[in-house]
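Novice: Okay, here's what each chain looks like letter by letter:
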Amino acid sequence: MLDLSQYQSIGEALRDALDQYSNQVCLIEADREREKERLTYRDFKERAHSLSKALQAGGFSAGARASIIMTNQSKWLISACAIFFAGGVLVPLDYKLTPDEQWQLLKHSGATVLITEYPIWRQLSAAAGRAAAANVRTVLVTEAPANADLSGAQRWEEFCGTGEPVFIARKRSDTACIVYSSGTGGRPKGCMMTHENYLEQCIALTSIYPFWPGARYLSILPTNHAIDFMVGFFGPFTCGATVVHLRTMRPEYVREAFPKYKITYVSLVPLVLKNLQKGLQAHFDALAPGKRKVFNALVRINKALTRRRPRLGISQRLLKQVHEAFGGELRAVIVGGAFSEPQTLQFFYDLGIPVANGYGLTEAGTAITVNDLKPFRADTVGKPLPGMEVRIVNPSADGVGEVTVRSKTVMAGYLNEPELTAETIVDGWLLTGDLGRFDETGHLQLTGRKKNMIVTEEGKNIYPEDVEAVFESLPVKEFCVFAANYIWPKRSMVGEKLVLVLHLEPGQQYGEKLRMDINARNNRLLNYKRIHGVVLLDEDFPRTASLKIRRNVLAERLAKLDSAAAILAL
Amino acid sequence: MRTLEQTTQEVLDLAAKHFQLPAGSLAPGDDFFKKLGIDSLRTLEMLSRLENHFGIELPDYEVQGVSDFKTLAERIQSRL
Chain A
1 MLDLSQYQSI GEALRDALDQ YSNQVCLIEA DREREKERLT YRDFKERAHS
51 LSKALQAGGF SAGARASIIM TNQSKWLISA CAIFFAGGVL VPLDYKLTPD
101 EQWQLLKHSG ATVLITEYPI WRQLSAAAGR AAAANVRTVL VTEAPANADL
151 SGAQRWEEFC GTGEPVFIAR KRSDTACIVY SSGTGGRPKG CMMTHENYLE
201 QCIALTSIYP FWPGARYLSI LPTNHAIDFM VGFFGPFTCG ATVVHLRTMR
251 PEYVREAFPK YKITYVSLVP LVLKNLQKGL QAHFDALAPG KRKVFNALVR
301 INKALTRRRP RLGISQRLLK QVHEAFGGEL RAVIVGGAFS EPQTLQFFYD
351 LGIPVANGYG LTEAGTAITV NDLKPFRADT VGKPLPGMEV RIVNPSADGV
401 GEVTVRSKTV MAGYLNEPEL TAETIVDGWL LTGDLGRFDE TGHLQLTGRK
451 KNMIVTEEGK NIYPEDVEAV FESLPVKEFC VFAANYIWPK RSMVGEKLVL
501 VLHLEPGQQY GEKLRMDINA RNNRLLNYKR IHGVVLLDED FPRTASLKIR
551 RNVLAERLAK LDSAAAILAL
Chain B
571 MRTLEQTTQE VLDLAAKHFQ LPAGSLAPGD DFFKKLGIDS LRTLEMLSRL
621 ENHFGIELPD YEVQGVSDFK TLAERIQSRL
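Heads up: the protein sequence lines correspond to chains A and B, in order.
Per my numbering, residue 1 is the first one in the first sequence, and the count goes up by one each step.
Per my numbering, residue 571 is the first one in the second sequence, and the count goes up by one each step.
Fair warning: there could be bad hints in the mix.
Below are the EDC-like pairs computed for lysine to aspartate or glutamate, each with C-alpha atoms no more than 16 Å apart in a straight line [what the hints assert, rightly or not]: (1) A/K274 <-> B/D630; (2) A/K96 <-> B/D609; (3) A/K278 <-> B/D630; (4) A/K497 <-> B/D609; (5) A/K96 <-> B/D630.
Hints are computed from structural coordinates only; laboratory data are not their basis.
So here's chain A without its partners, still in its complex pose (with noise of 0.2 Å):
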């Protein structure tokens, strides 16, 4: 792999990898069983050359922003690498945010270039101005039908300059990215990644997780969320290995994709990893019960020769039926963006299926911690990778406090909140807002959070305060939405819902028309971020002098109540 140590910027580095890489394949793009699209690092570095050329050619150059809105394919990564090429820096968004929030977030980040999808295109352009009140003047998009209307777009496939782009070279400390941890409500929060952010978090990870020429990864992730960035783009391409990209996510073909093209690494998070988890527990159920004592015996061997390390050939051979179906070269599974139970965890190690189960968030610059397999811990988090300091503040007597990070990974701010910044990186130490203990051997151990959010199984950070607005002109005196655990702390980071915190007007009942009126609302919400209660309080909300209400003082007050009680049904 390149030295990291010695590179400034991201483009740097991908500059020289397409170069020292060229002949190897570094992209494969299927669409269910048909194989689109194959790409050697010098067809990768062609394509990505003429889109920079052309964004040179249209005025963008050093710290212009340009935003991807697109899922996961080859053209999100031959963007973001013109990008980088044209010393740019990119803002990443979710492609299952709705299309007000992306203009939200696209107008917060002050991109002035767009990339998408025209699916995506479609959505975002039905309301007519939405681009010049957000100041975006470039709008390419991908996979436009030959007649298609594109309300002002440019089809990415004509948007080609000839001739060679001029490499921009940038520092160590300036901005590469945008990253939204969160903020679609009132305060978008926008981190901003450095260059030295991306290339000492991928110096750290691959340190104990390595690509090389050869290597699969299968992109599943969103490649906008910080693990599949660094995992299904940023690492593999400095390591000259192949990113695999499935056009849907439909679990028979991602089951086809193991085999078919030989998976090495792939990162899932905790829900599709609990699916895979119950197909196989059902698969395994249903041998006949001959073959259901053999095959026991032999996970229980494998779990024995295992206990220490990892021991792949050894795995492989006794539990092959299994291998073989994730293609027989599985190296690890990365699982991310949200807390995993130990016990699906521990399923897929006694299967001789290392897991690489690890903490992070986007602050940090992906991972803090993770797995070494030195050995298997399903109980915890891992250890800090290499480069990070961790420690835990304010500890109670069992050790537990909140997790507190320094790392050359952990970001330079959030773009226009130097306030929120300064609450959140202190003397240098970013606070998370989880809370942790490390155990005897410098595990580190999460027991829940003290911030108001929950973390879905799906892996999508919600804060309370980013769906009030579906709320708001509800008929009641006032309102306000918590995590339920940040009013009542529970020692456990699965299962967390958010909940509904109405104060009615004097003589006003919690009737039917309400709960309609509240649930009709809720439905407007992405599945995901929906209320799953109401809670009832008699009393004044608290609120600072310009009347912002004090959330902290707020729940103190509700933690008086019982929750089982108090939490009425939707």
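Dock chain B against chain A, hints included.
Specialist: Relative to the frame of chain A, chain B by itself:
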């Protein structure tokens, strides 16, 4: 050629059968995540069943953000 009403009815019948609910228990305006209590992965399962039934391909991006049977039926109808 099916009408939109016929397509919608077939979507409802198939979803009810797949998730073992009484016939007629689903309505076009129902939110399938909530009514069926399913997550995004189980929704993809349902889409595969619908594709087989109607003999079409429904790309993931076409159903991005769709959560009610009526809109889902409209997306299917446009590909029939």
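Novice: Hint by hint, which ones does the structure fall short of?
Specialist: 1 and 3
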